[in-house]
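Colleague: Protein chains in written order, with the numbering used here: chain X, 1 to 313; chain S, 1001 to 1604.
Keep in mind that the hints are not guaranteed to be accurate.
With a Cα cut of at most 25 angstroms, we get these calculated SDA-like pairs of lysine to any residue [unchecked claim]:
hint, chain 1, residue 1, chain 2, residue 2
1, X, K165, S, G1507
2, S, K1463, X, T211
3, S, K1306, X, H70
4, S, K1347, X, S168
5, S, K1282, X, V163
6, X, K165, S, D1443
7, S, K1157, S, R1238
8, S, K1411, X, P68
9, S, K1325, X, V163
10, S, K1347, X, P275
11, S, K1347, X, D74
12, X, K165, S, K1157
13, S, K1043, X, L272
14, S, K1414, X, L272
15, S, K1306, X, D74
16, S, K1347, X, K165
17, S, K1388, X, V163
Label pairs and their calculated CB-CB ranges [stated by the list, open to error]:
hint, chain 1, residue 1, chain 2, residue 2, range
18, X, S168, S, A1387, 33 to 41 angstroms
19, S, A1343, X, D303, 30 to 38 angstroms
20, X, L156, S, L1456, 21 to 29 angstroms
21, X, L286, S, P1502, 35 to 43 angstroms
22, X, P82, S, A1343, 24 to 32 angstroms
23, S, R1497, X, L158, 38 to 46 angstroms
24, S, T1155, X, L160, 56 to 64 angstroms
25, S, D1147, X, A150, 58 to 66 angstroms
26, S, I1221, X, L158, 22 to 30 angstroms
The hints are simulated quantities; they were obtained by calculation from the structure and are not laboratory data.
C-beta: ideal position from N, C-alpha, C; glycine also.
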Amino acid sequence: MSIMINAQEAAGLQSAPGGPPGVTRATLRRNFWRGVWRVLRRKPSRMLGVVIVAGFAVMGVAGPLLYPEHLPRDDEALYAPPSLRHPFGTDFEGTDVLALVVTGARYVLLTGLATAVITVALGTLIGLFAGFRRGRWDTVLMRITDVNLAIPGLPLLLVLSTVWKFESPLEMGLVLGLLGWGGVARAVRSQTLSLRERGFIEAARGLGLPTTHIIGRELLPSMAPYIAMNMLIAVTGAVYAQVGLFFLGVLPFESNNWGVMLNLAVFNGGALTTPAALPYLMAPLLAILLLTLGIVLIVDAMDEIFNPRLREE
Amino acid sequence: MKRLAAIVALATFATATACGTTGTTEAAQTAGGGVYTTIDGSKQINASAPINPFNPVGSVFAGYNGMALAWPKNDPVDPNRFYPGLADSWTTTPDQSEVVIHLQPDARWSDGKPVTSEDVRVSIGLAYTQGGTAYALDPRAAGAAADIQVVDAKTIKITQGANRSGMFLSNLLSTVVVPAHVFGGLLPSDFWQTLKVAQDGAGPAAETAKAEITGLAEKVIAFTPERDVSAGPFVLERVNPGAALLKRNPYFYDSAAIVPDKVKVLNYTGNEQIWNYLIAGKLDNAPFTSVPSAVMERIRAAGGSKVIKGYSPVATSMAFNQSHKPYDNVHVRRALAYLIDRAQVTKIASPEGGTPAVTTSGIHAKAARAWLDGGFDRLDPYRVDAAKAEAELRAAGMTKRNGRWALPGGKPWKVRIHVPASFSDWVAAAKSISSQLGDHGIDATVVTAADYTLYLGELADGKYDVAFWLIGLGPSPYNIFQRLYGQANGWQMFGGRLSHVPPGTQGNWMGGPETVEAGADGTVNPGELTSRLSYTGPEERKRIVGVLARLTNEQLPVIQLWDYVNTQFANTSRYTAFPPDDHDALRLSSGVWMQLGMIKKRQV
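Okay, chain S solo, but in the shape it has when bound:
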């Protein structure tokens, strides 16, 4: 469960996007003092890890001593909303072909040196060594930065490559900024020329240049600065296996907004440890953590305990491999949808962290209502209906013998539901589904994979008939439908060209058809529609989302089970002014909350 929570948090964070609005940070009075204790939900403490944000376990904590250009807002539909970070403001052309970023005028590193455009440029250079959407070396890749131009010490202009993407701005603003005077030496003196050759050149020279840049990746990840040089509100003081301690950065550009003197990020090895911290009232804030109902009661009973709930653009689904019989038949998928009581599944598996899916649309219900308006209520809710399920199964040619459903040829039918063993909420959900199907004469069993990596590998290899799958990773509609009509279902974007590969190859494990007859919408290619979501205008985007949601509802490549709820924990014994329920900063760290002027010392 712990790992699932982390994956959900990372996945949604990675897909969050932004828009070019100028933000102002509300100054807050400094009541001062105290140690703010929290957890980093995305990673565990590693005392021997370098203070390096490019290292996955590095002792850099987002919002505290790790600073991005901007912080994504938790908006259900608009992927272009951000809070300012090191970028004070930004402007962009309507097609996002050009973005100009203005840095915070007073931003300084913790050693007193100013944060400049050169820092951003070096950070972007280092990001190229790691790859990624905005920093892809292939000039044909959608949404890749093509040119970085330092306008002045506090202004930088970035131009998007010819293959445009609506995700460019958001990917750009998510860039983590590191000090050029510490990390700059990692880039060879001819790095920018090499990058130019890699991006614009052709043939062996370009390939050599690409290899040269990606060859720097390990060196960048392994780089160990002697001390932390942070532009965030805090700077790392020390780290041990149990916790990381950060002290205030006196040079932070909005130091007046920051109340705590220090921040202690506690380590944890499992959810149980976080539960115990919360019950003991040790944590001022803990990010999304899966919690059983009984444990939640104890946490609520702790002095000063406060549970904050908000929108989390992620849903859990049960996905089908449509290249495996009988799941190629839509009637079978619909029958299963009519037999699964999603409320019961959610009650058993994720009572505190999820709400039963209203229907299957591929989108979290909150975002779906916003995208589809009244269209959401017209989708088939697939309420539990054994009679409809029986009719669907008979339509699929299934037969019932001695109370058990069998395949059209009379062979026994066994539904094998695959889940990773480490996600106990998914395991419980799969067991609940298998029990419910058993009640209706369908032999079902749960099969666990030892490890999530193994699970994803076997899934991609097409070894599973039915498996749990995260969907609705918004707010970008492109990211939402990529989970259903992207690489996992055979559509691949390569060199700006979309192609569909056969089931069982190149990670196509969902095995859906390339085109589908979608009633009033005619014959549609869902992968092609999804790819258009990345660059098309707002009106067309809304129309496509409607078509894909209806198609998903009718064809059921997955059965949406529950929509996640971002359940956060706070303790108001020492600090107050936490963001309220449904606040759009709720999925950001406490460090960002502090930057936004939240978190005040409790007045005795």
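Excised from the complex, chain X in its bound form:
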């Protein structure tokens, strides 16, 4: 037994004809969340994904509050091996590596979130507009998109880092987002071009509904699942990009930044040569791996939630 709702209904944004809109929406919303719960329960791995992402969210919000402003150091325990006191050992200053990972999560997650929001908002806006209006607007916007896609992100960021210190995660997220919206825009445009020829859009046009209604109430909800999945994937992309930049040492130094930790583990601790600094290397790597895994598992669940055909299988 599966829930039979389409994508628009799933988003809870579509009024059902022939009844009070508020009641129908509430029912649909209830059904939607029940469906979500069932989809999650069907595979425990999806629950794990939710738990992991929720865990990181809590870490980002409350993590720094769990530790003192200046993390304690132990001069006699530089690169100490894992123990009950230090599950991932200590760093070059004798600071607990787990504490560094936990307190460093906020910057990483905030950057990821900011990047994802900017990527998706810009990409969706431009893709929708280009696909719906077609013609000259489409041509101009898609050429801009091509330029965006052609910009080599990493080299540009390396150059930018010489003049911009990226001290705030939002600054970092803004730049990554501005560099990364091209793919989403192109995909959303394709979807829009396809959807705008469908019957329900034709009907909406025939009824003389305004463009804002057609885009906001008809087109956008149909693409919401796709956009939501892109947003989550953009978070992982942003995490890789910023950790990579910090690893290369081109961004400001923060000892609890995961990329800085990787850099110091390799270049200062010799983690790839000796096991002494290996826990220091593994801890941020594990955090990135877990975060990615959590997001991938949630995307898997979302795929089934928004695709009725998958639910029937």
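Starting from the known structure of chain X, arrange chain S on it as the hints suggest.
Modeller: Then chain S, alone, in the frame of chain X:
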């Protein structure tokens, strides 16, 4: 870290100087054979680079297929000691106004042609196109060669210009010699006349001549000889991206001293690669490389592994921009010195490659003891003392609120310590300092620059309050104090005249005052004293070093953090007779060691 090691090596090599002593090369028995594997710490292998020593990435390796007139000894105080290279001996007048160089009588190029005075003359001509201290085109520049005279096939006389410098001989002996029959065509037929006009002339003619000579620089750098013609013990056989292979030069003047048949110079892209080579026992020798303690343990455990330690005339410091508040106040600088545990910083940042600075004198401790005798122990050691630091901060008008120190006006004080991101030992040190200051209520943070070139540029522009800075680049006392009271602090030598420029201009980022009240030494101009070190006599030189060391200790334009240790690696599985700890050839390449009769084949 890799780049820092290379910069340290280059900086110290460039500042090493020499004296007119006649040396003899000890002949050694040739046990023969084998491939000696090593690393060139100053550059990476570039398979497409020309076999040209004027090209910074050229496939010419000092001591192997690259030969200088002489090789600098690693003496802490005497900048005038050299081992013979292509110069067998040399004599100089006391004021170094005239130097006569006698070449090795049996020196030959790898194509069998003899090494002559004409080769040296052409090499000097080519060096003029690149500029440099001994080969400056401006006749008013200190220590520039004014006249080159070929006395006979094996003797050449070089005269110093009117503006004398004690560095002239050393700069001269460091000249790399190239074959005139290969490189000579790069110099136009009227080159020497043009040089004369550039050096002695005036007005537009001289300027045109200078432009003509410096205009040759690119051509010289880009020159690609068809094959290697070397006067060293080896000649390049082939080079690929992974390694350069050199074979013996049968015409080397002291071929009997050379044991290996071939030398393989391995390429590396980072320190980690050198560590792995050493752990695997692949390298017979590796020059100074920063190594974490855990990696060092593994290297030591490798079969035949040997760690050789010696003097390295370089120290790391944390420098202040004294034109930025509150670092203009000596009490603030002293307070920070009392709060930084240098032993802890060194343990964290450079446990194998450094020793904690005993105090701040501007000089490496070993050289400082030699220069200052008992005076070194009378300098304030700035041991960690929170009470003294607090007194200094209060004397500077700082206030403490809620456990945090604030600026005199009550504004929050944040110490921003700048380091280049690529120097991981400096990054770790800066982080350790920021943590220590944080423990004492001073808000401190580390700010990294993406690249060392960018770092130096921003530093020179006066953008940093506090930044890491290499000091004590000996053995010449002039070079040592140039790092503190030279261009970076506003003193500029132009046309033989010393001037002081305002902070924030022309690279003056340290922003110190032009004159300082130095207690018993009275009012001193540290830049003027430093410039006198380049030409004054031994007694006066020693007195000036004492004054400047005391001044540095009291005024703290920098806080000396650690003195570098030249940690070299050798593997005795295949070759033995490496130089022992503290040997004065330790900072030279294995190729020079071989020339000096070291490096024997291990007897099974």
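Colleague: Each hint: holds or not?
Modeller: Verification of the hints:
1. K165/X - G1507/S: 23 angstroms, holds
2. K1463/S - T211/X: 53 angstroms, violated
3. K1306/S - H70/X: 40 angstroms, violated
4. K1347/S - S168/X: 32 angstroms, violated
5. K1282/S - V163/X: 42 angstroms, violated
6. K165/X - D1443/S: Distance ~19 angstroms between K165/X and D1443/S Cα, so the pair holds.
7. K1157/S - R1238/S: 36 angstroms, violated
8. K1411/S - P68/X: Answer holds: K1411/S to P68/X is near 23 angstroms, not above 25 angstroms.
9. K1325/S - V163/X: It holds: about 24 angstroms lies between the C-alpha atoms, which stays within 25 angstroms.
10. K1347/S - P275/X: This hinted pair holds, its Cα atoms lying about 19 angstroms apart.
11. K1347/S - D74/X: 12 angstroms, holds
12. K165/X - K1157/S: 55 angstroms, violated
13. K1043/S - L272/X: 23 angstroms, holds
14. K1414/S - L272/X: Distance of about 35 angstroms is beyond 25 angstroms: violated.
15. K1306/S - D74/X: At roughly 31 angstroms apart (the allowed maximum being 25 angstroms), D74/X and K1306/S break the hint.
16. K1347/S - K165/X: 29 angstroms, violated
17. K1388/S - V163/X: Measuring from Cα to Cα gives roughly 39 angstroms; hence the hint is violated.
18. S168/X - A1387/S: 33 to 41 angstroms: 38 angstroms, holds
19. A1343/S - D303/X: 30 to 38 angstroms: Roughly 58 angstroms apart at Cβ, these two residues miss the hinted range, so it is violated.
20. L156/X - L1456/S: 21 to 29 angstroms: Since the Cβ atoms of L156/X and L1456/S sit about 23 angstroms apart, the hinted range of 21 to 29 angstroms holds.
21. L286/X - P1502/S: 35 to 43 angstroms: For L286/X and P1502/S the Cβ distance comes to about 53 angstroms; the hint is violated.
22. P82/X - A1343/S: 24 to 32 angstroms: 27 angstroms, holds
23. R1497/S - L158/X: 38 to 46 angstroms: About 43 angstroms separates the Cβ atoms of R1497/S and L158/X, which means 38 to 46 angstroms holds.
24. T1155/S - L160/X: 56 to 64 angstroms: With Cβ atoms ~58 angstroms apart, the hint holds.
25. D1147/S - A150/X: 58 to 66 angstroms: 60 angstroms, holds
26. I1221/S - L158/X: 22 to 30 angstroms: Given about 27 angstroms between the Cβ atoms, the range holds.
The structure fails to meet hints 2, 3, 4, 5, 7, 12, 14, 15, 16, 17, 19, 21 from the earlier list, while all remaining hints are met.
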